[in-house]
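Sequences are here, hints too, so could you generate the full structure?
Chains as they are written, first to last, in my numbering: chain E, 1 to 196; chain C, 1 to 196.
Rather than coming from a laboratory, the hints here were simulated on the basis of the structure. There are no misleading hints in this set.
If we take Cβ atoms under 10 Å as the criterion, some of the chain E residues that face chain C in the derived model are: (1) G23; (2) T24; (3) S26; (4) A27; (5) A105; (6) A108; (7) M110; (8) S112; (9) D113; (10) R128; (11) L148; (12) L169; (13) H171; (14) H183.
Per label pair, the in silico range of CB-to-CB distance: (15) E:A126 with C:E182: 25 to 33 Å; (16) C:Q125 with E:T24: 15 to 23 Å; (17) C:A194 with E:A90: 25 to 33 Å.
Here are the simulated lysine-lysine pairs, BS3-like style, with alpha carbons at most 27 Å apart: (18) E:K185 with E:K65; (19) C:K50 with C:K35; (20) C:K185 with C:K65; (21) E:K152 with C:K185; (22) C:K152 with E:K152; (23) C:K185 with E:K185; (24) C:K185 with C:K152; (25) C:K65 with C:K50; (26) C:K152 with E:K185; (27) C:K35 with C:K65; (28) E:K152 with E:K185; (29) E:K50 with E:K65.
Virtual Cβ for every residue (Gly too), placed ideally from N, Cα, C.
There are 2 protein chains.
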Amino acid sequence: MSSDGRNTRARILESAVELLESGTGSAVRISDIAKAAGISRQAVYLHFPKRADLLTAATRYLDEKNDVDARLGESRSAPTGLVRLDAWVAVWGNYIPEIYGIGKALMAMMDSDEEARVAWEDRMQAVRHGCAAVVGDLARDGQLVSDLSQEKATDILWMLLSVRNWELLRHECGWTQDQYVEHLKQVARASLVARV
Amino acid sequence: MSSDGRNTRARILESAVELLESGTGSAVRISDIAKAAGISRQAVYLHFPKRADLLTAATRYLDEKNDVDARLGESRSAPTGLVRLDAWVAVWGNYIPEIYGIGKALMAMMDSDEEARVAWEDRMQAVRHGCAAVVGDLARDGQLVSDLSQEKATDILWMLLSVRNWELLRHECGWTQDQYVEHLKQVARASLVARV
DNA sequence: CCCGTTAATTGACACGGTGTAAAGTTGTCA
DNA sequence: TGACAACTTTACACCGTGTCAATTAACGGG
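So, in structure tokens, the structure goes:
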């Protein structure tokens, strides 16, 4: 069973993201994940000593599975700032619904678990920097609305990408993921791009 | 001590909001609140059988303390849609930092406690309706940017007012509450109001 | 003045989820 | 065959929530 080493770890992460995505978020227990992965609860602790370890590992697992880095790289090589904005928003719009369950679980722990707080804030800061880059592109192309500073525009974009928004739009308005992404694009354009 | 009936309840709520605001949010325990209120833990359960009861009561307590209803009423009687937008954003911008601790605590329970979920979503829906009203005013005054539907504009405004945003801007960017409110106003104007 | 009511107190406990610890099992590889 | 690693089972400590029962203190009305 030594070849199962990485296999089991991956199975745990798969089960974790599956449970966290499709449902009750922070109410998912370690034992639920273990059961879904077909192993004992203690085996989970063998791979992830603390709950926060599992959750942060799950975010990285999703990053790799979705090739987020590569896609974000692609988005930056688009021809104009306007297209880069669309691409960036599309990547995040599609990604957020995937991590929102994990995000909820991490946010719920943030107040009591320092490690979870740091992990989540690091993640948020990375998004923020991405927003700043995209807005910088817009400004360089002369497409940013004239009465917005780059800082303010970054904040707007970043607020729009808030994880909570997806959850609320989905639950309260019954939106699909496609609707959400399309909407994000339009809203981002309406907020940031100079009208002709 | 029968006259202490309402007094104790109020003292519990005061201690609760104080602890929840200035600090660790969902990590605040019933016993912490009891200690801060100078009573026993069981006395808290006497007034609020479940944790969710206390939290939802705390939100109502803050509403009344801050006269939120009255202020929102005033904001709607402002002369133009533009001024109404400013007033509405100011009320919520000042209110959100106060309830964000309670919001965090409620959100952390949402997945496991149905009552907490309903309470929070009701609250969010109320905000949403308010946003729709303000946007409707803008549209009636011909001030809404022409390429935005009222629905989309409502979503923008509502995303900007997300409770999470305040926390993140405060922690990651070190913003003060005044900065936040001023920023919200400007962003809302930039996003929604037709430029002349 | 006593009596009933009501709020609060103390102490004990059940429940559930996290995390730890120890001993036993199975499979692999040298 | 023996060492090693992953996983299993069982058991338990810890902590926060919520419940229960017995007790004390204060107030108001008869």
